[in-house]
Structures are given as structure tokens and as C-alpha cells.
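Undergrad: Add chain Y to chain H, keeping to what the hints say.
There are 2 protein chains.
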Amino acid sequence: MSFADRLREDAGRIQSRLDRAVTGAEPVHDAMRHALSGGKRLRGFLVIEGAALCGGPDGLEAAAAIEALHAYSLVHDDLPSMDDDALRRGQPTVHVKWDEATAVLAGDALQTLAFELLAAPECHPDPGVRVALVASLARAAGAEGMVLGQALDIAAESAVAPLDLAAVEALQAGKTGALIEWSGRAGAVLAGADPAPLGAYARALGRAFQIADDLLDAHGDAAAMGKRAGKDAAAGKATFVSLLGVDDARGRAHALVEEACDALSPYGSRAETLRDCARFVLERDR
Amino acid sequence: MSFADRLREDAGRIQSRLDRAVTGAEPVHDAMRHALSGGKRLRGFLVIEGAALCGGPDGLEAAAAIEALHAYSLVHDDLPSMDDDALRRGQPTVHVKWDEATAVLAGDALQTLAFELLAAPECHPDPGVRVALVASLARAAGAEGMVLGQALDIAAESAVAPLDLAAVEALQAGKTGALIEWSGRAGAVLAGADPAPLGAYARALGRAFQIADDLLDAHGDAAAMGKRAGKDAAAGKATFVSLLGVDDARGRAHALVEEACDALSPYGSRAETLRDCARFVLERDR
Numbered sequence: 001m002s003f004a005d006r007l008r009e010d011a012g013r014i015q016s017r018l019d020r021a022v023t024g025a026e027p028v029h030d031a032m033r034h035a036l037s038g039g040k041r042l043r044g045f046l047v048i049e050g051a052a053l054c055g056g057p058d059g060l061e062a063a064a065a066i067e068a069l070h071a072y073s074l075v076h077d078d079l080p081s082m083d084d085d086a087l088r089r090g091q092p093t094v095h096v097k098w099d100e101a102t103a104v105l106a107g108d109a110l111q112t113l114a115f116e117l118l119a120a121p122e123c124h125p126d127p128g129v130r131v132a133l134v135a136s137l138a139r140a141a142g143a144e145g146m147v148l149g150q151a152l153d154i155a156a157e158s159a160v161a162p163l164d165l166a167a168v169e170a171l172q173a174g175k176t177g178a179l180i181e182w183s184g185r186a187g188a189v190l191a192g193a194d195p196a197p198l199g200a201y202a203r204a205l206g207r208a209f210q211i212a213d214d215l216l217d218a219h220g221d222a223a224a225m226g227k228r229a230g231k232d233a234a235a236g237k238a239t240f241v242s243l244l245g246v247d248d249a250r251g252r253a254h255a256l257v258e259e260a261c262d263a264l265s266p267y268g269s270r271a272e273t274l275r276d277c278a279r280f281v282l283e284r285d286r
Numbered sequence: 001m002s003f004a005d006r007l008r009e010d011a012g013r014i015q016s017r018l019d020r021a022v023t024g025a026e027p028v029h030d031a032m033r034h035a036l037s038g039g040k041r042l043r044g045f046l047v048i049e050g051a052a053l054c055g056g057p058d059g060l061e062a063a064a065a066i067e068a069l070h071a072y073s074l075v076h077d078d079l080p081s082m083d084d085d086a087l088r089r090g091q092p093t094v095h096v097k098w099d100e101a102t103a104v105l106a107g108d109a110l111q112t113l114a115f116e117l118l119a120a121p122e123c124h125p126d127p128g129v130r131v132a133l134v135a136s137l138a139r140a141a142g143a144e145g146m147v148l149g150q151a152l153d154i155a156a157e158s159a160v161a162p163l164d165l166a167a168v169e170a171l172q173a174g175k176t177g178a179l180i181e182w183s184g185r186a187g188a189v190l191a192g193a194d195p196a197p198l199g200a201y202a203r204a205l206g207r208a209f210q211i212a213d214d215l216l217d218a219h220g221d222a223a224a225m226g227k228r229a230g231k232d233a234a235a236g237k238a239t240f241v242s243l244l245g246v247d248d249a250r251g252r253a254h255a256l257v258e259e260a261c262d263a264l265s266p267y268g269s270r271a272e273t274l275r276d277c278a279r280f281v282l283e284r285d286r
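These protein sequence lines map, in sequence, to chains H and Y.
So for the first sequence, the working numbering puts the first residue at 1; every next one is plus one.
So for the second sequence, the working numbering puts the first residue at 1; every next one is plus one.
So that you can see chain H by itself, here it is in the shape it has in the complex (with noise of 0.2 angstroms):
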């Protein structure tokens, strides 16, 4: 099966997975469907690619889980206190179809049910490879991971000078990198394998799926994107963009890759759906 066939189905598996964990009737209920639906689902993807190459269990439910925690962050970037954005994936955003309490209220139930969806016997048989996960996932997601990357980020907007590349690195390590690297992970924690291979992988892609996005952003191809485009540029943020600029911005992303590809090597070719995965990042749209 080709990599985009592979990719679309454990996409669709996620989402059936994802339209099962949620079955009120609330608006946030509702909120919480939209913002689970849609998206290229490259975390899950990794997760059950991961655990699949080293010869684990099943890695739906901690797809499932990882994909409710990227939708809570997106719901909360959204918020007008945030990047104010109207657009995600091609749909309004949850604030603008509904209301901001209500995002903040399906964002807040996202996160807690990404590790209800991790604790749960489906997960895993054993108790003590679903509460490794539930701690590093929150260690990924919380103050010293995700939320720190986002904090740094907001700050940037008021900081009177752009970022430097060094801290630009170090904020989307905690913003996108973090979680990513958990999903190239989690495979392997699933199956009792030695992390390390598909850790290493997942942060090389993690880091050129980044680039990707801001060379996406200053090309301003709304369409593509499912967002607002052009908006980093407009808001004068420092990027890989424009503290590199497009030709070595788009050098280093296939150098990462290339790091990416070659971190597999003890898995030879039997990794070659997750190498096609790394190279697609230079093409994709989020």
C-alpha cells in the first residue's frame, strides 16, 4: 500500500475511532465534533505506523488520544486571546461557530479526553505502558512542552525585537515539536521497543514539518493551508523564513528529512512508509 493510501486510511480509522468518544448532545458536545473532524492526521499516523514497525499491538486508542490532544490545542490557539484565527482545516473555527466559552469549555474536555483515551484498557493490556504514556504525554503537552512553546510564542508578538533562530528553535520544540516526537515514540513504548530510533525520527520531522509550515505561510496559499495564510509575515514574527530565508529555509527542511530517513536505518526497508511520510512533510498541507 502506498504511503498516502496508508495514510488516508489510518486517518479514516482514527476518525471513526474519534466520532465514537464523543456522543452528547450539549453544543460542546458538538464543538467537540467539529473540531475532531478533518485534518491529515500525522500524529495518529505515526502512532499506529510506529507501533506497527515494531511489531506492537494496535495503536488506535493512543492515535485517538494524541489526535484529541492536537485538536484541544488548535480549538484554544484559536481563541481571539490567542492567534484570533476564523479559519482551521478549511471550517470555521469552534469560537466562530459557536462561542469562546464553549471553545474553551470543548478545548479544556479535548485535553482530558486525550488521556481518558490513553488510560483505558483498550490501549494497552498493560497498566504500566498506559501510565508511562499518560506521563509523558503530559510532560510533551504541559508548561515544560506544548503550553510553554504556545507562552513563548504570545510573548514574541510583544517582544520589541523578532526572535533570534535559536529561540524561534526553542519555541517550536515545545510548540509542535513536543507532541509530534511523543507520537514517533509512543509506536515504540506500545510494543516494548527501544524508543530512541523512532524518537530521533519524529523530532528530525517534527522540525522540517515546522519549516514546511512557514514556507507554506509566506507563500500565502490560503487554500492549501485550510488558514488564514501570510499571517507571520504580516504580524512581523520571526520564522525559519525570514531569519534563513526561502532557499536555505528550504535546505535545511530536506537536510532534516534526509536525518529523518537515515534515524530508521535499523528498521531497513521495512520503514519505508514512515521515510515517504518525512518526504511528503516538504509537500504537504496541514
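No wet-lab data here; the hints were simulated from the structure.
Accuracy of the hints is not assured; some may be wrong.
The list treats identical chains as interchangeable, and a pair is accepted whether it falls inside one copy or across any two copies.
[What the hints assert, rightly or not] Here are the simulated lysine to any residue pairs, SDA-like style, with alpha carbons at most 20 angstroms apart: (1) 97 to 80; (2) 97 to 82; (3) 237 to 164; (4) 97 to 157; (5) 97 to 158; (6) 97 to 159; (7) 97 to 155; (8) 97 to 154.
TA: Showing chain Y alone in chain H's frame:
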């Protein structure tokens, strides 16, 4: 040791534990520490005393976890798009002292912290116990528990007619009841004991607690509450007091406290501290 001394001692231990939990130097970390300071620590007290009553290990880590989760819910509940409160525990709320974005992020990270504390080995040596606590807290806090209660509360504000008694009870069962019941059960779970008696105790106590809160709000003593008073009546919101009248509401609270005390009969006189706690709820501030 008297109940009041015990509550103060437990609160001091919980505060010290939470002070160690957030170490960063960004504004979001300051905001988290601000949100984690003060409060009676009723939920954490229930965890610690319940665990001790059942002969279990120290419940301090789980107590810190439930207080982090409670703190997250207060920070988000106080946001302008939610209850729009400027005062909490006698201090300015997070969005007033910092800004809305920081309040959203600090609340988000406090929720994450709660799960991180529960999942860490320090909480309990058995990963099965830790993951059971994660799973039950996620159910209590999520879209069928606390968040549902918050969402119903927000919806009630724009409803044409005030809620009836059954609707207010359903709302409060989620909004404050679920976490208080979890706190009662958690102590027994940590000790490997049957959680039913402490669960029944805490459920009744939680309901008494909410009625007492409505009575306090109706009396409008902002100094005793450490937050804005009289706001429910001003908003035309249905409360136990508006639905039952002061005398009947007080009678119901007393009956619930008796119910809570009776639920502890399997523990005989050793449960006197928890019975004192239930009686205290009738005179509390929070």
C-alpha cells in the same frame, strides 16, 4: 488533632508540593503558581484523610493533583467569556493580573499537571492504581462530568426560563460534585479499599457544599467568600436558595451532612475528622 488543625496541616503540605511542581520563569509559570496558591484545599484534604482512614499510603501526590485540576477549572471559569470574575480567593484572577491568553494557557497546563502528578511513581508504587486514578479523574473532569456542568451553567444564563431543581442538581453534580466525589473515592483507591463508603460520603458532602455556596452567595458576604458575591441573584440564576428558599435550602444542607456522616459508619469513630469536615461545610468560606 482537631479538624481545623488537620485541614491547615494538609493544606500546608499540599501547598509545598504544588510549589515544587512549577519551576519555570515565564509569565505562564508565574500565573500557574498564582492560581495554585491559597484556598481551603478541601478536595486534597479528602484524598489525604481518606487514604489515611483506609490504612493506605500517603495521598499527598493525588491531593496535589486534584488541587491542580481544581485550580485549572477556576482559572478558566473566571475568564471574561465565562463567569468574568476579577477576584478569586481574595486575589485578582489570572486574566486580570496577566492577560486572557496567559489565563487560557495557565489553566491548560494546570490540567496537564494534574495528570502528570497522578501518573508519576511517587503517587503510588502500583501503575495499575495510578492509571485507574487517571482514568477516573478524566471521567470526572471531562465532557460528561465537570465540563458538562460548566457548559450547562453557561447555557442556563441565556435560557428563557430559570432552571428547575432537577436541572440545577444535574448541573451541580457535574460542576462541583464530580471532583469532590473523586476526591473521596481516591483515598480508598490508593489504599486498595472499597471506594463506595467514601464515595457516598463525598457525594453527599459535595451537594451540601454547593447549597452552602448558594447560601453564602445569597447573603452576599464577599469578604468571607474571597470573590464577588450576590452575582447569582443579580444574574437571575436559579440556585438552591432561589428554588427552595433560605430555610429549606439550609434544612436540605443539614440533611445531606447527616447523610455524609452516616456513610462513614463502616469506619466507626476513626472517621470523626471527616465527619467534622462535613459539618464544617455548613459554615465554610471558600
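Undergrad: Compare the structure with each hint and give your call.
TA: Here is what the structure says about each hint:
no.: 1; hint: 97 to 80; result: both (13 angstroms within a copy, 18 angstroms between copies)
no.: 2; hint: 97 to 82; result: both (17 angstroms within a copy, 17 angstroms between copies)
no.: 3; hint: 237 to 164; result: within (11 angstroms within a copy, 51 angstroms between copies)
no.: 4; hint: 97 to 157; result: between (26 angstroms within a copy, 19 angstroms between copies)
no.: 5; hint: 97 to 158; result: between (28 angstroms within a copy, 17 angstroms between copies)
no.: 6; hint: 97 to 159; result: between (31 angstroms within a copy, 19 angstroms between copies)
no.: 7; hint: 97 to 155; result: between (27 angstroms within a copy, 16 angstroms between copies)
no.: 8; hint: 97 to 154; result: between (24 angstroms within a copy, 16 angstroms between copies)
Consistency note: the structure conflicts with none of the earlier hints.
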